[in-house]
Amino acid sequence: MTFDLRGHKALVTGATQGVGQAMAEALAQAGADVVIHGLNADEMAREALAACRNAGVTAELATGDLSGPTETCIPQLFNQAVAIMPEIDILINNAGTFIDTPFLDMTHERYEYTMRLNVAAGYFLTQAFARRWIEQGVAGRILFTGSINGMLAEPDHTAYDTSKGAVATMVKTLCVSLAPHNIRVNGLAPGLVRTPLTKVIDEDPALHRWMKLHTPNGQVPGPDVCGEAAAFLVSDAARHIHGQMLLVDGGMSIWQQPDPPHGF
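To convert, take the position in the sequence shown, counting from 1, and add 35; that gives my numbering.
Think of the hints as simulated: they come from the structure by calculation, not from any bench.
This structure is a prediction, so every number in the text was calculated from the model and none was measured.
All C-beta atoms, glycine included, are put in the ideal place defined by N, C-alpha and C.
Any given hint might turn out to be false.
Heads up, simulated EDC-like pairs for lysine to aspartate or glutamate below, C-alpha to C-alpha not over 16 Å straight-line [unchecked claim]:
id: 1; residue 1: 44; residue 2: 95
id: 2; residue 1: 44; residue 2: 140
id: 3; residue 1: 44; residue 2: 189
Label pairs and their computed distance ranges (CB to CB) [as the list claims (entries may be wrong)]:
id: 4; residue 1: 110; residue 2: 214; range: 23 to 33 Å
id: 5; residue 1: 289; residue 2: 42; range: 15 to 25 Å
id: 6; residue 1: 143; residue 2: 41; range: 39 to 49 Å
id: 7; residue 1: 215; residue 2: 252; range: 33 to 43 Å
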């Protein structure tokens, strides 16, 4: 079975690199027209647009900083996106940040920045589209990018882990609120994937070896695994899947990790 998204139109936030770009490309390859969102119209944005257009679909760019006050930045992006592509019926809330610091050094500014971008932006963008879809009778599909860190704790990532835990709960509560309106809400919880944010793994052979040891399938994949999972979750093949966080982690979250080999 292929995930046929022809006739659908999607907005993917944070889609000019990494997981977000992989999601936008996967939707485009499945036939959806896409609006990709990025901070600005830079070279990365142009490359992401070109990759989506290579699939033979319409792809356009919306820009904006989602870390600001939601009262202003969310309406700006929403209005921009629906002006570009009025029939959007898929929303992927992927924009986020991994800026963190040890708990005892955490500042109000850094904590609030993380929560605005990782939690509030997706919450209120979903609200904006849900209102539009309910008014128009559109069967919408919404996907949030969470993280394995929303379910497992990691030292010195307290703000990030807290934000992704909030995303996991938000998927459930928004599902309960929106399913009666024929709007599906789900999420992806990636484990470790290769993106610009995780390039340190490839630069450190010992760290790369450690990561492979702590994943049952022994792989540190590219972001395409998240893109393919996203295409599934917003397709009709997942029509009876509601309120779920799909772990895309190679089994990392369920494994009682072995001791490292002698001399590691």
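How the hints compare with the structure:
1. 44 with 95: 11 Å, holds
2. 44 with 140: Outside the cut-off at roughly 43 Å; violated.
3. 44 with 189: 36 Å, violated
4. 110 with 214: 23 to 33 Å: 25 Å, holds
5. 289 with 42: 15 to 25 Å: 37 Å, violated
6. 143 with 41: 39 to 49 Å: This hint holds: roughly 47 Å between Cβ atoms.
7. 215 with 252: 33 to 43 Å: 38 Å, holds
Hints 2, 3, 5 from the list above are not met by this structure, while the remaining hints are.
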